[in-house]
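> As a plain string of letters, each chain reads:
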Amino acid sequence: MTTDILGVIATYGITLLLAWPLSRYIVKVFRGERTWSDFMAPLERLFFKISGINPKEEMNWKDHMKALLTINLVWFVYAFFALMFQDKLPLNPDGNPGQSADLAFNTAISFVVNCNLQHYSGETGVTYFTQLFVLAFLQFVSAATGIAALVVVFKAMKEKTTTKLGNFWDIFLKTITRILLPLSIVIALIFIFNGMPASFAGKDTVVTMQGDTVNVSRGPVAGFVAIKHLGTNGGGFFGANSAHPLENPNYVTWMTEMVAQVVLPIAMVFALGLFIQKRKFANVIFGIMTIGMICLLIPSMQQEMAGNPAIAKMGIHQLTGAMEGKEVRFGAAATGYWSTVTTIISTGSVCGWHDSTMPMTGLMQLLGMMLNCLYGGCGVGILNYYIYIIIAVFISGLMVGRTPEFMGHKLEAREVKIAAIITLLSPFLILAGTALSSYVLTHHPDVNWAVKPTAWLNNPGYHGFSEMLYEYTSANANNGSGFEGLGDGNVFWNVSTGFVLILGRFLPIIGPVAIAGLMASKKYIPESAGTLRTDSLTFGAMTFAVIVILTALSYFPALALGPIAEYFSM
Amino acid sequence: MKKYLLPSIKLTLILVVLLGGIYPLFLAGVAKMAPGGGDGVKVMRNGKVVGYENIAQKFSDDKYFQPRPSTVDYNAAGSGGSNKSAGNPDYLKTVQERIDTFLVHNPDVKKSDIPAELVTASASGLDPHLTPEAAYVQIPRVAKHRGIAADRLKQLVDANTKPAVLGVLGVATVNVLKLNIALDELK
Chain A
1 MTTDILGVIA TYGITLLLAW PLSRYIVKVF RGERTWSDFM APLERLFFKI
51 SGINPKEEMN WKDHMKALLT INLVWFVYAF FALMFQDKLP LNPDGNPGQS
101 ADLAFNTAIS FVVNCNLQHY SGETGVTYFT QLFVLAFLQF VSAATGIAAL
151 VVVFKAMKEK TTTKLGNFWD IFLKTITRIL LPLSIVIALI FIFNGMPASF
201 AGKDTVVTMQ GDTVNVSRGP VAGFVAIKHL GTNGGGFFGA NSAHPLENPN
251 YVTWMTEMVA QVVLPIAMVF ALGLFIQKRK FANVIFGIMT IGMICLLIPS
301 MQQEMAGNPA IAKMGIHQLT GAMEGKEVRF GAAATGYWST VTTIISTGSV
351 CGWHDSTMPM TGLMQLLGMM LNCLYGGCGV GILNYYIYII IAVFISGLMV
401 GRTPEFMGHK LEAREVKIAA IITLLSPFLI LAGTALSSYV LTHHPDVNWA
451 VKPTAWLNNP GYHGFSEMLY EYTSANANNG SGFEGLGDGN VFWNVSTGFV
501 LILGRFLPII GPVAIAGLMA SKKYIPESAG TLRTDSLTFG AMTFAVIVIL
551 TALSYFPALA LGPIAEYFSM
Chain B
1 MKKYLLPSIK LTLILVVLLG GIYPLFLAGV AKMAPGGGDG VKVMRNGKVV
51 GYENIAQKFS DDKYFQPRPS TVDYNAAGSG GSNKSAGNPD YLKTVQERID
101 TFLVHNPDVK KSDIPAELVT ASASGLDPHL TPEAAYVQIP RVAKHRGIAA
151 DRLKQLVDAN TKPAVLGVLG VATVNVLKLN IALDELK
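So the sequence lines, in the order shown, correspond to chains A and B. First residue of the first sequence: 1, per the numbering used here; consecutive thereafter. First residue of the second sequence: 1, per the numbering used here; consecutive thereafter.
There may be inaccurate statements among the hints.
Stated by the list, open to error - Taking lysine-lysine and the DSS-like style, the derived pairs with C-alpha atoms no more than 27 angstroms apart in a straight line are: (1) A/LYS164 with A/LYS278; (2) A/LYS56 with A/LYS158; (3) A/LYS203 with B/LYS10; (4) B/LYS58 with B/LYS154; (5) B/LYS32 with B/LYS42; (6) A/LYS452 with B/LYS93; (7) A/LYS278 with A/LYS158; (8) A/LYS62 with B/LYS3; (9) B/LYS10 with A/LYS62; (10) A/LYS164 with B/LYS63.
Source of the hints: derived by calculation from the structure; they are not laboratory data.
For reference, chain A alone in the conformation it holds in the complex (with noise of 0.2 angstroms):
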């Protein structure tokens, strides 16, 4: 078993060689040097021309946030009438109905969000134009908001003092244009070639072997696909996500999709050190984030390599690992591996159903979406750390009795309360969540939804509450994966989690920016010995250890109620 462990090995290795250079094309791309990609150049002013839009325009931290909130509102509009609408609209070979109210309503924010989370069935629940005009057009726009906001908190980090910090639209466009696009076609090119489908077939009926007649479901995947990978979005084009054998055929196409989403999180760790000249600010940050992963990712594949204990009580032999729920051609590790990773970016893609997963393994997942900031998806990633950077320097400033500086600017009163907040955010909608629908689940049973709440579990016992804490969990971090188990396609998943949808996407974004766009306000403080180094390794430990300690008081009590207790009663 050892070739897939080295499978695992290389394609982290091929993330890292790739990351390294794009981390520089980034950065050329947003400080506006010559790329070979500047032939895209008159196309992008063609667009402003149109839009009526002037990129050169300097904003301030709020009209970035306006101008990000208001596209933002358009897209959900869109996406929410043309998902409830879809059967009346072309491209549906497969004769599809339209999407419920509370259904497009989620389906709607999920995307936008960058989340996916997905109450319906790919090859049922949408129509090919959904699936592209709507779906697959969000996952470039929502990746390209989430690297947007970033792109405002570098800039705010290197100036001295400023309130100008670049045009929302330029570096909107340019990360699609520049980015996105370019690096999707790439991807999408190497899945074709590897017998993924990419035409607009609908359902093919195929009469097989034994004389079964059988559907297949097909569709525009490969371009799909990619996106999904490369923005961090993960929602995927068959139900059965990265698992279905169209949708991943094989080891290489595992291979891709998996480097391809993590690449640009990591890339973008690299282009912070690069684009505010602190390589060992940044570096300090990719080492902690690296440790984290490796914290979730041992455990997760060693335990499903190992197998399911209940089953080898049974007296089988399970060489190749706990293979419920699992593809053949991935096998443990890899799945393992992938389970990880996906959790710690806020992919929320799967190449194997999380809720058959060991507890342990389970545990891992619900860790990475809670910490949501090792590594963490496009762009969002790096501002979750960044508040618990705040956090650091804060606790920092008070140990050693000196007023907190991050990036030569005092951190007051306003900044620290708003890292607060935001840090108090995600407990307060998970668990709050999970507590309602809890009680819901136990007081009113029989509530005529379309899936009772008696039927939401597919699972008895801790497991099952763990499949209420996942999902709220998942929709917090904007990740996407579930334990799919749960019967979550009905009104009020689909409203409850909408919500939490929309405040833990848009407030973690807003606070970070709010914070950058203050503090760069602010008068600058050249570094003396007295400052506070924020690029050492005892700061990394510190920011380490903040982040650990925030997250055990905040979640320890939920998790033991599901992982914790099933792992210790199998």
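Go by the hints and put chain B onto chain A.
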């Protein structure tokens, strides 16, 4: 916010056309040169389509190699797994039934030699592959029902085994549909 509304709408429309229209159309055009022409790779036999290379089919007859259990009955109109948790008692009962059924059809196999993937459902319900071990373990049964020597079947499985990438990355797999077609052609 009003200032940004009109530019937002216009830019959205342009990007919908570029990303939702032109991008997939370009890829569909290129895919015409790829295996399967972008429609999925089909498997032909005697000039007739008998399935898709990467979609598992049901083989319930004992004289064929059988794929992994499926929760969607091998119908790729949909896809999905059981989503059962590791310790779910109902699930474990299902696994026990699969073990018992396997032993009835394969009396020469010891229980401890049954590979886990043959008694657990795949993630997609359409897993087209087996590990070589899961194919080997079915050889005595197939050999008996076809009257073909086990050695020859082992050669056949090996010939249909796709090794790990470059021989060192990932896992070796056997495509069940292709293996069964090769099996029928042995005579």
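> Hint by hint, note whether the structure agrees.
A quick look at each hint next to the structure:
| no. | hint | in the structure |
| --- | --- | --- |
| 1 | A/LYS164 with A/LYS278 | holds (21 angstroms) |
| 2 | A/LYS56 with A/LYS158 | holds (19 angstroms) |
| 3 | A/LYS203 with B/LYS10 | violated (34 angstroms) |
| 4 | B/LYS58 with B/LYS154 | holds (22 angstroms) |
| 5 | B/LYS32 with B/LYS42 | holds (14 angstroms) |
| 6 | A/LYS452 with B/LYS93 | holds (25 angstroms) |
| 7 | A/LYS278 with A/LYS158 | holds (9 angstroms) |
| 8 | A/LYS62 with B/LYS3 | holds (13 angstroms) |
| 9 | B/LYS10 with A/LYS62 | holds (22 angstroms) |
| 10 | A/LYS164 with B/LYS63 | violated (74 angstroms) |
Going down the numbered hints, you'll see the structure goes against 3 and 10, while the others check out.
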